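**Q** Knowing the structure of chain A, use the given hints to seat chain B on it.
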Amino acid sequence: MADERVVGIDLGTTNSLVAFMQGEKPVVIPGEDGVNLVPSVVALGPARDGARPAMVVGNGARTTLLGAPERAIYSVKRLMGRGVEDVAEELKFFPFRLVEEIQPGEVLRIRLGDAEFTPPEISAHILRQLKRNAERYFGAPVTQAVITVPAYFNDAQRQATKDAGRMAGLEVLRLVNEPTAAALAYGLDRQKEGIIAVYDFGGGTFDISILKLHEGIFEVIATNGDTHLGGDDIDNLLIAIALDDIAGDQGVDLRQQPEAIQAIRQAVIEAKIALSSQSLAHIDIQLPQGGRYSRELSREQFEQLIQPIVARTLAPCRDALRDAGLTPDQIGEVVLVGGSTRIPLVQRLVSDVFELPRRGKQPRTELNPDEVVALGAAVQANILGGGSKATEDMLLLDVTPLSLGIEALGGVVAKIIQRNSTIPASASESFTTGVDGQTNVAIHVLQGEREMAKDCRSLARFDLKGIPPMSAGLPRIEVKFLIDANGILNVSALEQRSGKQAEISVKPAYGLTDEQVESMILDSFDHAEEDIHLRQLVEARNEADTILNALEKAPSSPAWQLLEPDERTEINALSAELSVLKQGDDLQALRAGTEALDKATHRFAELMMDAAVSSAIKGQTMQSAGDNLGQGPTAPHPIAQAEFIERK
Amino acid sequence: MQITESVSAPAKCWSCGEEVADGQPFCGSCGKVQPPQPANYFAMFGLPPKLNLDVPALEKQFYRYSRKLHPDVHARASQQEQEWSLAQASLLNDAYRTLKSPLDRTKYLLRLEGVQFEEDRGPNPSKVPADLLEEVFELNMQLEELRQNQKMGEDDPQLRRDLEGAKDQFATQLSALDEQVRSRWSAWDEAWQENDEAGKTVAKEAMTALLQRRSYLQNLVRDVDQTLGGS
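If you read the sequences in order, they're chains A and B.
Position 79 (the first sequence) corresponds to 79 in this note's numbering; numbering is contiguous.
Position 204 (the second sequence) corresponds to 204 in this note's numbering; numbering is contiguous.
Worth flagging that the hints you see were computed from the coordinates, not collected in a lab.
Among the hints, a few may not be true.
[What the hints assert, rightly or not] Heads up, simulated PhoX-like pairs for lysine-lysine below, C-alpha to C-alpha not over 25 Å straight-line:
#1 A/Lys454 to B/Lys151
#2 B/Lys68 to A/Lys389
#3 B/Lys200 to B/Lys100
#4 A/Lys465 to A/Lys480
#5 B/Lys167 to A/Lys389
#6 B/Lys12 to B/Lys32
#7 A/Lys599 to A/Lys389
#8 B/Lys50 to B/Lys32
#9 B/Lys60 to A/Lys415
#10 A/Lys192 to A/Lys162
#11 A/Lys480 to B/Lys167
#12 B/Lys167 to A/Lys212
#13 A/Lys212 to B/Lys68
#14 A/Lys192 to B/Lys167
#15 A/Lys192 to B/Lys68
#16 A/Lys361 to A/Lys212
#17 B/Lys100 to A/Lys480
#18 B/Lys200 to B/Lys167
#19 A/Lys212 to B/Lys100
#20 A/Lys25 to A/Lys389
#21 A/Lys415 to B/Lys167
#22 A/Lys599 to A/Lys553
#23 B/Lys200 to A/Lys389
#24 A/Lys389 to A/Lys192
In this text, all values refer to a predicted model and were calculated from it rather than measured experimentally.
So here's chain B without its partners, still in its complex pose:
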């Protein structure tokens, strides 16, 4: 998907009639808050949909925009402007929060590209990555044993240590995955710059696969945490 194609024709400022750039939350000439549009977080900050991003510059811009959009600034404006300010400020905050986090930024971009993640549904046995099958099987056995112990009011320190160990190991894998995702950013950015559809697809699929594995591991860690914490 091309971000630039998905945005409608330039709008006019409701107050001064000047053109407002695509996705811009306020008018460039008179500074008035504009009615909220379907949001594209990159466009909101006037950024191309690339993954390598200057976070300190983003923060600066976030502060600058906050001074224009925050409801406090419009506390004495008309009811309508106050409503727009609330909507735009929440969009701005959501956009900033998403873009400043490497993981959320990547997922957001992939979602814009039509990727769907299954991450919120918990581990799905049919989708266990092949190379993790054995480990996951063993882990689930241990978790089950721990739950049984907890029901009986027993404690097996060795089992707890094993699970803590497994958790640490998964956590290490998680940060390794983060690094791998990050290493694909440039491939995407370059393909986007060159308008290289094939290159974009390759980068996209690679990142999606990594992120799906990541969310699988993340859920495992959460399960272990919950079971350990529940005793």
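Isolated chain A (complex conformation):
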């Protein structure tokens, strides 16, 4: 088996990145446009005759978002693993166009243009773009990845992320919690010992994790967070204010006009970013229906406005400290992750909650907060891919963020795995029947901290079937719950008296079945074609490289001087052209370019050959002439050397 590279992917609410371990260092792989961040925006491309429209991801999709918002979607991460009753709040602020007739418990479906997609399908398109970027970079297929998720993601949200990976043609070796990944990137120099807190305030989610670092082991002690709190909330607040202003000043209600809202959104995001480095920002929007909205926003005003949002991150910080059994002054370092931590107010409030100023400390920000999670994912990918010198001895021990429980009599939850338990973690519970001859037992599994089942997140309802008919209370069904290293629940059951492996049917709440995921795998045919295309492209690039490398030293060769000036100009022009073609994806053009250059250099190759032969005659050994042929100015044709050896 060839050693294929495992990549690390940060599938973010606002931006997504792919990274890998280059030698001892994790690096982010840029996209075709040379940019590291791929905006997590997906759009349905223009309709094509007969064919399904293509999906556009990233910056291209952002353009669609402004021009034709009904064909684009952003922040889809907020919908992953959620049901229609969970997202009422989101729908007030996000232009998600859900299909109307979705029932509680069903997987959401989103409308783009006249097509429908589930949230994992949208995410799969983002993942596939990242996969392509990595494949373009390596010139080789990529099929295995580590993907990060918010630490506070529940089972359904994790499963949805894993499903998205599968649809994109990626084997997800591990889901890693984002703050933990960030800690890995920070802890690469293994000198680090002690207790650190990672405060991860991103576009749509907030996590706080407290870790103990010891001899390369990264042990998470406690984690907390809010999977629906992020920079998006700040944007939405500013948009709401702008809409109110416009309604007040100009008497125009733009609430139902998606184009206008997107224009405002872009402007307030720019202002928000500006206010991290300036004390005053101007918001100036040309409204699509004519008219103009213009105002100034000072940093003081901005901070006053967003204070309540940022303050919502503090209670989870205190809860995590309490769960870890630590006081703020026991936290050695606080690492800031996520774009929203660039906001000065955020940095001040975090510093205060961990009492950093009093201890003469500052939060750690030296790694780019937008990239650090992807870099950490690359480190974990390297560990799982077999490791290297840089990652040997590194081991991540993460925890489950939420308690796992079973609904007992009266709708009370019996906790079987407590939150902050190191994963993998397991628990066994015995169940029995209540009626004579009963052959089924229903089990309701929940996740959350509340006492009543109705207040927790329903994960699944299991039916233990095929229990041998016995008197009530006699069967003993041992059910084993295991949370794996991805934080995902696995269940198995055994009827103890008959020793039979009980058949369990699992109905995931808000999840897709295996069959559904299978059917959503992104165009596998299209994909196979793409793989072949990619391989051909890689081969064609190698061929182009061979000829270009050989020509690099041509001007210093005596044979070069023997060419006509026209010939030299032609060769120079063709090789410049090929250098450009090599960067692109156009296989036909690349092959044509290589062929043209090959043809143009034919006489040059012959002259070189003559020179090599004559220098051999002049007393050089054939061997050294052959060596020179290999390294020095030489014929651009790989075949030339073979011909030469034949003559020998």
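**A** Frame of chain A; chain B shown alone:
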């Protein structure tokens, strides 16, 4: 129960054929993960079933074992080994979590000794410890009153303060109980060492009684918390 008697004959490593010590999750000679056995948390760490335990040493061993058992380490091993690693790593984590907590460790050992706890069922009026009867009766009256108030949308700050006070008092009793349980550890450990069955029974029964009282109080505190928090 004698832990050593309950474990079956030494197993052989599936990979190198060497003997694997009782309850050990990996082979001592080749390091390969072994198929999971019915777990005994003490045996897993090679420890005797004693209650006084060097927690920092346990942590060290937990880290050492994690490096051998964690699924990350076996990500490229055979499917079978990956499954064993997952099962063994979860056992290891469960064992470490249980043993490092004084309360959970004591309960675990007593359960191994055949003790059954009623702790998860909520306060059971028939089992109110005699000396707590009066207090519990009064507390339940107050809780009922508070619930009535909440239904009517009223608030009685004095009642809330009383309940907070009662809760604090129970919390103090809880930590006192923890201390008392801890003070019986050595009695158990010595009796186990000496193979003194009578001594073991005495220590066991004393700890069980203390823990049952503890879980009763714990449930009361939880009830008060819930009622206070629900307003």
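**Q** A separate judgement is required for each hint: does it hold in the structure or not?
**A** Going through the hints against the structure:
For the proposed pair A/Lys454 and B/Lys151, the alpha carbon gap of about 20 Å is at most 25 Å, so the pair holds. Simply put, B/Lys68 and A/Lys389 have alpha-carbon atoms about 18 Å apart, close enough for the 25 Å limit, and the pair holds. Between B/Lys200 and B/Lys100, the direct Cα distance comes to roughly 22 Å. Compliance with the 25 Å bound is thereby established for this hinted pair. Restraint check for A/Lys465 and A/Lys480: the C-alpha separation of about 15 Å stays at or below 25 Å, so the hint holds.
Of the pairs offered as hints, the one joining B/Lys167 and A/Lys389 is violated, with about 55 Å between alpha carbons and a cut-off of 25 Å exceeded. Note on B/Lys12 and B/Lys32: the hinted pairing holds, with a Cα-Cα distance of about 12 Å set against a maximum of 25 Å. With a C-alpha separation of about 47 Å, the suggested pair A/Lys599 and A/Lys389 falls outside the 25 Å cut-off, and the hint is violated. Distance restraint check for B/Lys50 and B/Lys32: the Cα-Cα separation of roughly 28 Å exceeds the 25 Å cut-off, and the hinted pair is therefore not satisfied.
Only pairs whose Cα atoms come within 25 Å are accepted, and B/Lys60 paired with A/Lys415 is rejected, the gap being roughly 29 Å. For the given pair, A/Lys192 sits about 31 Å from A/Lys162 by alpha-carbon distance, which is inconsistent with the 25 Å threshold. For the hint linking A/Lys480 to B/Lys167, the alpha-carbon distance of about 36 Å lies beyond 25 Å, and the restraint is violated. Our distance criterion of 25 Å between C-alpha atoms is broken by B/Lys167 and A/Lys212, whose separation comes to about 33 Å.
With a C-alpha separation of about 19 Å, the suggested pairing of A/Lys212 with B/Lys68 holds against the 25 Å cut-off. A threshold of 25 Å between alpha carbons decides the hint, and for A/Lys192 with B/Lys167 the separation of about 42 Å lies outside it, so the pair is violated. Between A/Lys192 and B/Lys68, the direct Cα distance comes to roughly 22 Å. Compliance with the 25 Å bound is thereby established for this hinted pair. Our distance criterion of 25 Å between C-alpha atoms is met by A/Lys361 and A/Lys212, whose separation comes to about 19 Å.
The straight-line distance between the Cα atoms of B/Lys100 and A/Lys480 is roughly 23 Å, inside the 25 Å bound, and the hint therefore holds. Simply put, B/Lys200 and B/Lys167 have alpha-carbon atoms about 34 Å apart, too far for the 25 Å limit, and the pair is violated. Between the alpha carbons of A/Lys212 and B/Lys100 the distance comes to roughly 16 Å, so the proposed pair stays at or under 25 Å and holds. Of the supplied pair hints, the one linking A/Lys25 and A/Lys389 holds, its CA atoms being roughly 11 Å apart against a limit of 25 Å.
Among the hinted pairs, A/Lys415 with B/Lys167 is consistent with the structure: their alpha-carbon atoms are about 23 Å apart, no more than 25 Å. For the hint pairing A/Lys599 with A/Lys553, the CA-to-CA distance comes to about 18 Å; that is within 25 Å, so the pair holds. Between B/Lys200 and A/Lys389, the direct Cα distance comes to roughly 52 Å. Violation of the 25 Å bound is thereby established for this hinted pair. Among the hinted pairs, A/Lys389 with A/Lys192 is consistent with the structure: their alpha-carbon atoms are about 17 Å apart, no more than 25 Å.
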